[in-house]
Structures are given as structure tokens and as C-alpha cells.
Amino acid sequence: MTTEPASSPLPRFPRDFLWGVSTSAAQIEGAVDEGGRGRSAWDEFTARAGRIKDGSDARVTTDHYHRYREDVALLQELGVGAYRFSVAWPRVVPDGSGRVNGAGLEFYDQLVDALLAAGVTPVPTLFHWDTPQALEAGGGWLLRETAEHFAAYADAVAARLGDRVERWITLNEPAELTLLGYGLGQHAPGRTLLFDALPAAHHQLLGHGLAVQALRARGATSIGIANSHGPTWAASESAADTEAADFYDLLLNRLFADPILLGRYPDEGLAAMLPGPVADDLKIISQPLDWYGINYYQPTLVGAPVADPAGPADFAGIALPPELPFSPREIEGYPQTDFGWPVVPHALTELLGSFRERYGASLPPVMITENGCSYEGIEDTDRIAFLDGHLRALHDAMDAGADVRGYFVWSLMDNFEWAEGYARRFGLVHIDYATLARTPKASFHWLRDALRHQAQG
Numbered sequence: 000m001t002t003e004p005a006s007s008p009l010p011r012f013p014r015d016f017l018w019g020v021s022t023s024a025a026q027i028e029g030a031v032d033e034g035g036r037g038r039s040a041w042d043e044f045t046a047r048a049g050r051i052k053d054g055s056d057a058r059v060t061t062d063h064y065h066r067y068r069e070d071v072a073l074l075q076e077l078g079v080g081a082y083r084f085s086v087a088w089p090r091v092v093p094d095g096s097g098r099v100n101g102a103g104l105e106f107y108d109q110l111v112d113a114l115l116a117a118g119v120t121p122v123p124t125l126f127h128w129d130t131p132q133a134l135e136a137g138g139g140w141l142l143r144e145t146a147e148h149f150a151a152y153a154d155a156v157a158a159r160l161g162d163r164v165e166r167w168i169t170l171n172e173p174a175e176l177t178l179l180g181y182g183l184g185q186h187a188p189g190r191t192l193l194f195d196a197l198p199a200a201h202h203q204l205l206g207h208g209l210a211v212q213a214l215r216a217r218g219a220t221s222i223g224i225a226n227s228h229g230p231t232w233a234a235s236e237s238a239a240d241t242e243a244a245d246f247y248d249l250l251l252n253r254l255f256a257d258p259i260l261l262g263r264y265p266d267e268g269l270a271a272m273l274p275g276p277v278a279d280d281l282k283i284i285s286q287p288l289d290w291y292g293i294n295y296y297q298p299t300l301v302g303a304p305v306a307d308p309a310g311p312a313d314f315a316g317i318a319l320p321p322e323l324p325f326s327p328r329e330i331e332g333y334p335q336t337d338f339g340w341p342v343v344p345h346a347l348t349e350l351l352g353s354f355r356e357r358y359g360a361s362l363p364p365v366m367i368t369e370n371g372c373s374y375e376g377i378e379d380t381d382r383i384a385f386l387d388g389h390l391r392a393l394h395d396a397m398d399a400g401a402d403v404r405g406y407f408v409w410s411l412m413d414n415f416e417w418a419e420g421y422a423r424r425f426g427l428v429h430i431d432y433a434t435l436a437r438t439p440k441a442s443f444h445w446l447r448d449a450l451r452h453q454a455q456g
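0 is the number of the first residue of the sequence shown in numbering that gives the first Met the number 0; add one for each residue after it.
The hints are simulated quantities; they were obtained by calculation from the structure and are not laboratory data. Only a predicted model underlies this, so the values are computations on that prediction, with no experimental measurement involved.
Each pair of labels, with its calculated beta carbon distance range: (1) P320 - P274: 17 to 27 Å; (2) D195 - Q75: 44 to 54 Å; (3) Y432 - A46: 11 to 21 Å.
In this text, a Cβ means the ideal position worked out from N, Cα and C, and glycines have one as well.
With the sequences and hints as input, model every part of the structure.
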């Protein structure tokens with residue numbers, strides 16, 4: 000089932016609305032053995048047989064490390080105002096702590112200069128899942144010390160780039176790293192701890208707060224985080240289904256938003272499972288942000304666990320163990336991406352409304368830091384329809400009062416899609432992985448023209 004984009008132009012967004020695209024270092028840079036870069040948890044994970052569905056790795060991926068000027072030229076042609084990339088922690092601090100690698104910082108120094116010369120605002124994310132393997136081998140985010148090492152790394156990056164970088168993102172999607180990396184073992188580091196993974200959630204949030212302090216000390220005035228969120232729908236009105244959906248929502252949404260925005264965990268039982276001086280840590284975690292980033296892809300339909308659920312019992316296409324107290328169900332009646340994710344633009348409107356209702360004055364301005372879809376082909380009309388529908392849904396939310404200041408498409412280019420390898424294509428630019436040739440897709444040209452129309456308003 001496919002959809003068609005609307006024939007009318009997009010509604011007008013505010014003139015100072017920030018339009019951008021996003022990528023991450025582990026997915027596009029390659030050059031894993033160059034420039035003094037250390038080994039990452041994903042390097043270790045991809046080396047294990049059977050971990051990546053197509054047997055690939057990210058040693059080269061799109062080779063952005065060597066071809067970044069070509070990619071900056073694509074950004075300039077697209078006409079976006081900002082580029083959200085990530086800094087690879089193991090490229091800057093190869094062992095995760097201690098010695099800072101000047102050659103690694105030099106790469107990002109040159110990238111920032113190239114972006115500014117092209118009129119594109121750099122928006123670096125300090126952590127997008129590529130934990131230095133030297134830290135991971137000792138426990139990674141299960142240890143409090145990792146949060147402290149992360150803050151020292153953030154300080155080193157800000158010391159080098161802070162004179163030209165205004166906007167910063169601390170972490171990307173700590174929920175996914177906690178659940179998929181430490182809880183279920185489907186992503187790096189591949190641990191299967193289930194609820195014993197919760198310390199990784201707390202320490203990432205603590206690392207966020209410590210990094211905010213480090214960035215502020217370097218003069219940063221525009222700091223956010225990129226948390227993944229989506230509406231949770233109960234499979235029915237039964238008590239069992241609504242309770243299961245509420246727990247899922249707590250675990251994937253509120254557990255990562257409430258500490259930052261409200262200064263508390265949403266459940267005393269979960270808070271009791273977390274290590275360290277939690278009350279004191281929350282004071283660090285909840286320092287005011289200049290904006291709050293939301294990565295949105297889809298809603299989730301959730302019911303009580305059943306022996307034979309109506310649809311796959313999975314999270315983002317990954318099988319869940321039966322002992323969890325909830326069971327995701329298939330959302331019917333909507334088109335699906337090539338990843339099998341439902342395309343539900345109005346759920347973005349719903350999500351932003353629920354955030355306003357839940358957090359009120361505690362919610363700073365919002366940025367949509369990721370929104371995108373996986374489709375094959377260069378004539379990707381389905382991606383155009385996806386973006387068109389979600390931008391209209393975003394505009395509806397803003398008309399209803401949501402204070403949203405920007406929107407970033409995931410992603411600029413096709414890339415290494417984690418455990419899926421190269422089987423999924425999220426890019427506006429097609430990558431031929433044999434030649435590394437870049438070819439803008441139909442969606443690239445659609446977005447370029449839409450941004451030109453916005454600029455004429």
C-alpha cells in the first residue's frame with residue numbers, strides 16, 4: 000500500500016524555522032582504522048558472526064571521512080540551514096578516557112569550517128551509540144565512570160569547536176541503546192540483561208547532565224538532546240491491555256523524558272532499581288535545556304503479553320522475549336515503509352500535543368531531530384509522500400500551540416543501518432556501495448524545491 004504526496008505546496012512555516020538533515024558518524028564515516036581512531040563497541044559487535052543481518056560492517060560505509068566535502072556540497076544544493084552529524088567519541092578519545100587525539104578533532108574542525116563556508120549551521124551530536132570499546136569492555140554505560148568520561152570528552156570537543164558551533168546535542172536515543180544494546184542484545188554491545196540494563200539508562204542521562212555542565216562552562220548557549228518518542232496506543236480498552244501499554248510508554252518515553260524535564264523518574268519502583276545517589280543525580284540530569292529534540296518514526300500498538308499476538312511481538316522489527324509484561328501488535332490500516340513500519344503522520348501531531356499536556360511550562364522549545372523512512376529506489380515517491388504528510392502533521396501541531404523550532408530529516412544519505420547492515424535505505428541521496436557514487440533521489444529534489452518555496456514566503 001502506498002500513498003501520494005499532496006498536490007498543493009506545504010503550508011508556510013515561520014521564517015526562522017530551522018530546516019536540516021541528520022546523520023551519525025558510525026553509519027557514514029568509515030575510516031575506522033585511520034587518523035588515530037580507537038575501536039568502538041560497534042566495531043566489536045559487527046565482527047561477531049551473525050550479528051549483522053547481511054554480514055556487513057561499517058569499515059567503509061559511505062566513506063564520509065574522505066568525501067565530506069562532496070557531502071557538504073550536497074547539503075548546499077539541498078538548501079538546508081543545518082546539518083546534524085555526530086562526533087565519534089573513539090575518534091576523539093580513542094580509549095574513551097585519557098589522551099585526546101588531535102587528528103580526530105582536526106577532522107571535525109575541517110568539517111565545521113566546510114559547513115560554515117557553505118552557509119550550513121553545524122549541529123554536532125556528541126554521542127550516537129559508538130561507545131569506545133576500551134570503556135565498553137570494562138562495563139560501558141553500566142558504570143557511573145562512563146558518564147564522567149563522557150563529560151571530559153564533551154569538554155574536549157567544545158574546547159576545539161565551541162568558537163564556531165552554537166547548537167549542541169548531548170545524546171542520541173538513550174532508550175534504544177538501553178533496550179536494544181544492553182537489554183535485548185540486538186545492537187552493540189550485545190548484552191541481554193533485560194531490566195538489569197536500567198543502570199545504562201541512568202548513566203546515559205547522568206552523562207547528558209554532566210555534558211550540559213561541560214558545554215555551559217565552555218560558553219554554549221544552545222543545548223538539547225535527541226530522545227526518541229512516539230505515541231503508545233493500547234490494543235483495547237481492557238485493563239490488561241491499557242496497563243501493558245502504560246508500562247511500555249513509561250519504559251520507552253517517560254523514563255527518558257521525565258528526569259530531564261521534570262527532575263524525577265516516572266515510577267518509584269524503577270527509580271529504586273537505579274544505582275548511585277539518584278536524587279542528587281537528578282539535579283544534574285534536569286538542568287534546563289535550550290530546546291528538546293524529538294526523534295519520531297511511528298506509534299506503537301501495545302497489549303498484554305499473549306501466546307500468539309496479533310502481529311509480530313517486536314520493537315522496531317526486533318523480536319522481544321516473551322517474559323516482558325507487554326506485547327507490541329501490528330498497526331493495521333496504514334501504509335508501511337520497506338522496514339515494515341506504519342506510516343502515521345497524525346501520530347506526530349498527537350505526540351506533540353501529549354508533550355505539551357504532560358510537561359507544560361517545563362517543556363522548552365522542541366526540535367524534530369529525526370524523522371524519516373526506509374524505501375528502495377531513486378524515484379522514491381513513497382518517501383516524498385512520507386515527508387509531505389509528516390510536515391503537514393507538524394504544521395497542524397504548531398497551529399494547535401506546539402512550539403517547534405526546527406525539523407531534521409533522517410537521513411542525508413543511505414548508510415549502515417545498524418543490525419540491518421545495508422538492507423535499509425533511509426537517505427535522500429542514494430549510495431552505490433560498490434563505487435560510493437552519490438545520486439540525489441527524487442525526494443532530495445522535492446525537499447530542495449519545498450525549501451525554496453518556504454524561502455520565498
